[in-house]
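Sequence lines, in order, name chains A and B. Going by my numbering, the residue at position 423 of the first sequence is 423; the numbering climbs one at a time, nothing skipped. Going by my numbering, the residue at position 274 of the second sequence is 274; the numbering climbs one at a time, nothing skipped.
Treat the hints as calculated values from the structure; they're not laboratory data. It is possible that some hints are incorrect.
To spell it out: a stretch of chain A is covered by chain B in this simulated footprint if at least three of its residues, at any positions, have a beta carbon under 8 Å from a beta carbon of chain B; those stretches are [stated by the list, open to error]:
(1) 411-421
(2) 456-468
Restricting the straight-line Cα-Cα distance to at most 30 Å, the calculated cross-link-like pairs of lysine-lysine (DSSO-like) are [unchecked claim]:
(3) Lys348(B) <-> Lys643(A)
(4) Lys582(A) <-> Lys348(B)
(5) Lys582(A) <-> Lys614(B)
(6) Lys348(A) <-> Lys531(A)
(7) Lys614(A) <-> Lys582(B)
For each residue, glycine too, the CB sits at the ideal point set by N, CA and C.
2 protein chains.
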Amino acid sequence: MATTTESQPGATDREPEVRDDPEAVTPPTDDLSDDERALLVDNLRYALDGRWRATRDTVRELSARGDLLPDPSRTLDEARARILGEMRELAQSGFATAGFAADHGGTGDVGASITAIEMLGYADLSLMVKSGVQWGLFGGAVENLGTARHHDRYVAGIIDLDLLGCFAMTETGHGSNVQALETTATYDPQTREFIIDSPTPSSRKDYIGGAAQHATTAAVFAQLITAGPGEEPESRGVHCFVVPIRDSDGNDLPGVTTSDCGYKGGLPGVDNGRIMFDHVRVPAENLLNRYADVEADGTYTSPIENPNRRFFTMLGTLIRGRVSVAATAGAAGRKALTLAGRYGLIRKQFEAPDADNEILVMDYLGHQRKLLPLIAKSYAIAFAQNELTEELHELQSVRDDASDDEVDDGRQRELESAAAGLKAYATWHASQAINVSREACGGAGYLDENQISLIRGDIDVFTTFEGDNTVLTQLVAKELLSAYAEDVRGLSAGGWVRFIATMARDVVVEKTAVRQVVQTLLEGSDEDTEKSNLTDRGTQLRLFRNREDHLIRTCAQRLRRANDDDNDPFEVFNNAQDHLLKVGRVHTERIVLEAFVQAIDECDSRSAAQLLGKVCDLFVYSALEDDLAWFLMHRHVSVERAKAIRRGVNELCLELRPHLRSLVDAFGIPEELLAAPMLEHG
Amino acid sequence: MATTTESQPGATDREPEVRDDPEAVTPPTDDLSDDERALLVDNLRYALDGRWRATRDTVRELSARGDLLPDPSRTLDEARARILGEMRELAQSGFATAGFAADHGGTGDVGASITAIEMLGYADLSLMVKSGVQWGLFGGAVENLGTARHHDRYVAGIIDLDLLGCFAMTETGHGSNVQALETTATYDPQTREFIIDSPTPSSRKDYIGGAAQHATTAAVFAQLITAGPGEEPESRGVHCFVVPIRDSDGNDLPGVTTSDCGYKGGLPGVDNGRIMFDHVRVPAENLLNRYADVEADGTYTSPIENPNRRFFTMLGTLIRGRVSVAATAGAAGRKALTLAGRYGLIRKQFEAPDADNEILVMDYLGHQRKLLPLIAKSYAIAFAQNELTEELHELQSVRDDASDDEVDDGRQRELESAAAGLKAYATWHASQAINVSREACGGAGYLDENQISLIRGDIDVFTTFEGDNTVLTQLVAKELLSAYAEDVRGLSAGGWVRFIATMARDVVVEKTAVRQVVQTLLEGSDEDTEKSNLTDRGTQLRLFRNREDHLIRTCAQRLRRANDDDNDPFEVFNNAQDHLLKVGRVHTERIVLEAFVQAIDECDSRSAAQLLGKVCDLFVYSALEDDLAWFLMHRHVSVERAKAIRRGVNELCLELRPHLRSLVDAFGIPEELLAAPMLEHG
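Looking at chain A on its own, in the form it has when it is part of the complex:
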């Protein structure tokens, strides 16, 4: 598939204007000619599609088939077989090559590979998840944790599906706390093998996509136990091993017991299962040994001395899965909002006064207030996601070209933090957007033929897998508060608090170099946010930044109480947990706003940029409204301004209402994938 990343739309279909008239207002869509509206939608989509717009178009073309949509009449077996079949078709079209380096048999375009996976979310989330497991997680583990011997042996088969794999990290007893996994991989120097074992019921691998049926091989995360000459066997922490689990007839291999997680809240096409290992032997070379190895005599070696750092470095390379999940949640939310938005534009209910016609439900303020703020937030998240994908692409591309030492460690930590924060923010948003969309379509929304109920079932687990949202949000806050200090990760809650409490200096978080556009806007706005207009972008940025700074500062103060001998560190941590979670959320929201601001700045169509500006206003106003109690309580907004914010949301909804159709059309979801009988009759 095409992976060009720098294509520009043909000059013929672009609006050449520059933003020379800041006072000009985009007229409501109703007042635009068909051509003007098409151009506006095209320009909005150009902005939303971002750097990998060519990839998006390729997948749009590939997936614009109604028969790709999930069919709830399929049995579990049929659904699973169907998705595997669809993956085979994708594989044949070269879908998976972008995710692997050129010298491993791929084309080495990480950003394209994530974007492509995301686009599958418009078709069938089971297809996205199972593809993500095979190519992103299993393939990603081999690609990023393995070395040449693994790349040579496995990557081609992973790309073309000759080798079906699964990603066996989570255990029944451990999901979030990966460092405490119980599966063991004990090195036997006599045979130069690792013995993979599940010593306890809670060490069972669980919820593993592909483990129930299709995967013949697993990337197994296990405690590596080995002893060098004269040493006692000792755990060296969690490492990843390639372990065959099934023969070609689908039978469990000796010592392996798989089972089926069965029916779930959604994602019927993904065969989640469980794996128990009873002293299963694999050759020593099955250790994915990029970051650590065991010599023939059992001596453990690693270029990274600190075990915590080693563990988190390994995990960090697997971040692609998390980024893909965030991206796809965004796509799923956009699809549900498109379906609900379009339905609201044909569904009528209750008569208008002095008129024979009934009122379009989208003309009710209450309905606008349900959907438009979520659409605005979807725009914001889409822009932030594009930046995240791009940063991941840049970092992983650098890494592939250079020795590990050259990678900017701080930049990697920030990327991981941003990925964690956006994954939580985007998946919670998607859940909410899809729930609201379902309800906004009434009974029609509950019928699977109209798709939203299916998306709702599929998306639910996105807040859980690839990192529980609460844990991830907390992670963001912890990283901020400890200013990405080395050796903090892996500490227990109490240990972490003690670290914070004893940090000599004041926690003043140094934010990443402020982007130019934000800097300019900040400089152009009054430091006293009450003095400037709330539609002033600089003021909006200040409000978000001030909230974050305030929360970080006060949270650090609270945590420092752990210094007091009378206080139990865990209790200090726990009592501040809601505060900590809020730090994580508002930090991410600030990043999301800044990405939106950047995207508007980069939009070269005046009418599109103006409309995006209004959408950004609505995003800001409703984010402020959602957190208004905090802003009032901490005197960051006055009562008068608070009231203006509530009014402003209403006014922006009314103002954007005529553009609603353009706004959802710009998501660029193939029409074939929006098939829904409710959109035919209203």
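Chain A is fixed; fit chain B onto it per the hints.
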């Protein structure tokens, strides 16, 4: 089944103490002996079970069978057949008799019938919904809109399922706006028949439970068209007709075309379908003629002259369905919270400092904050629901014994408003509680074997059916603002606003006679809410009441702008819609709080009452926290108090944490219905 309503628990297992020591604090459950804890749970359950506790126990016994739980491996046909089979078993045990008057072949205990249906929600929501359609909606229409000829002919068959019915109200084009239904029933004086017809695609009956497969007869809501001698045929508004739709082999009768809504977001055991009528003739006596009739010559007669009043009187008798749906949503929420609560008490994650063990997830404040406020709100809603059921029982029992004129019209209007408000409040709460519970159980929560994901799919439509929640919430506000004025119902939005705007007097809503306990508490509290302690119940009541009064007053002021000639009445209405919706919500929340206060007052166990007091505090504090921006903006709480509210939620969570198991055990869900593998291994 037993329908005794006044059973009292045996003296032996009740705590005889009176609440003589207001300072005493219930010790944490951990400090209680097993017997003390059992007694506490028993007393809490006694309070929660309310007047129809005997009915609850009967259904508990009847339903304590694991094989009643939904099984996702069933095909749609199997699931539907299974639920029908379970209904037949229920029918044999006399389950449905309570819902019908003694002289129609029932036992005439409305409250017991609603409570029994609610309790089915602990087993399988498909069973509850299909039972509710047959006995509550279809049976309720015949019972309440029909006369002796219908009771004699149909009720026995409805009770024992010889006659399977459906409730054909909603149409593809009209859900909320029932008055605008398009199906026609035209009287033909030649043959003394009604001709039932679906004149347009949008007049198709849609989403009708039972219409896809099992129902042989429909209660069809249609515009009654007739002409008396010398008159032109004219629509007399929506009336209900008994219309056979299928023969005993399941074939559509001539002129009837049914179809299947197919797969849905949940409720697979309910066969929702569609019906089109092509000039189907039914005998004149099939009109359910309690409130209107057509004489042989076509003359239309009704004891209620005003068509609007007639329509709403008919609808009002059908309120049982709405009340049952609210009650069941409460049950579903409690079940999900019980599963998640119990899981949180065995699931551990991340190590405690200085300890080998990992921390119970329920010991994290973040986790407590997810579940405990929802549990507290579930208590509040359960008490309000008990009152609602009781009031419905009283009113419908009175009506059955007396002529219609004796029914207190105002009391009926208030009941309908309370039912609308609580239905919306309880079903939104249930959706949220179930979503949060799923997420709180992580991957385990997503597996159908652990039930929450199934409940999540089933409950989703509860916010839509039996009245869209937004429409219902608005209805509550409109009734309040027009002080239940006659002839306001049925007006368009604009017409209603004009009415409000021209009301001579100030809108000062006269609340229902204040209950004694509330009056006493109000009198004992300072009028200035800032001056008294926030744990003071009177102060809490004042805050809720003041908020409601403030919102009603200011909303009326806004709406009065419609008096101004420059303003379009619909625009005035629409611009205030968010305000109006808020009025509806806060009014219901005030009613819910007062029901909680009443229940605590009536609790004769000191330790249970004390614990309920803490639960009520948490309900109040988190309700205040959820709406803190409003309270601050309108200066009903100070910034200092706002901070105390946030802290208070945390403190109450910590305080109630040791009681969590008791609090969910008191819901009294049969252990067999809580089967979930995740509760075995954590």
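Outcome of the hint check:
1. Counting residues of the segment 411-421 of chain A whose CB lies closer than 8 Å to any CB of chain B gives 0, so the stated coverage by that chain is violated, three being the minimum.
2. Counting residues of the segment 456-468 of chain A whose beta-carbon sits less than 8 Å from any beta-carbon of chain B gives 8, enough to reach three: the coverage restraint holds.
3. A hinted pair counts as satisfied when its Cα atoms are at most 30 Å apart, and Lys348(B) with Lys643(A) does not qualify at roughly 44 Å.
4. The straight-line distance between the Cα atoms of Lys582(A) and Lys348(B) is roughly 23 Å, inside the 30 Å bound, and the hint therefore holds.
5. Note on Lys582(A) and Lys614(B): the hinted pairing holds, with a Cα-Cα distance of about 26 Å set against a maximum of 30 Å.
6. Distance hint between Lys348(A) and Lys531(A) is unfulfilled; the C-alpha atoms sit about 43 Å from each other, more than 30 Å.
7. As the CA atoms of Lys614(A) and Lys582(B) are separated by approximately 26 Å, the hinted pair is consistent with the 30 Å bound.
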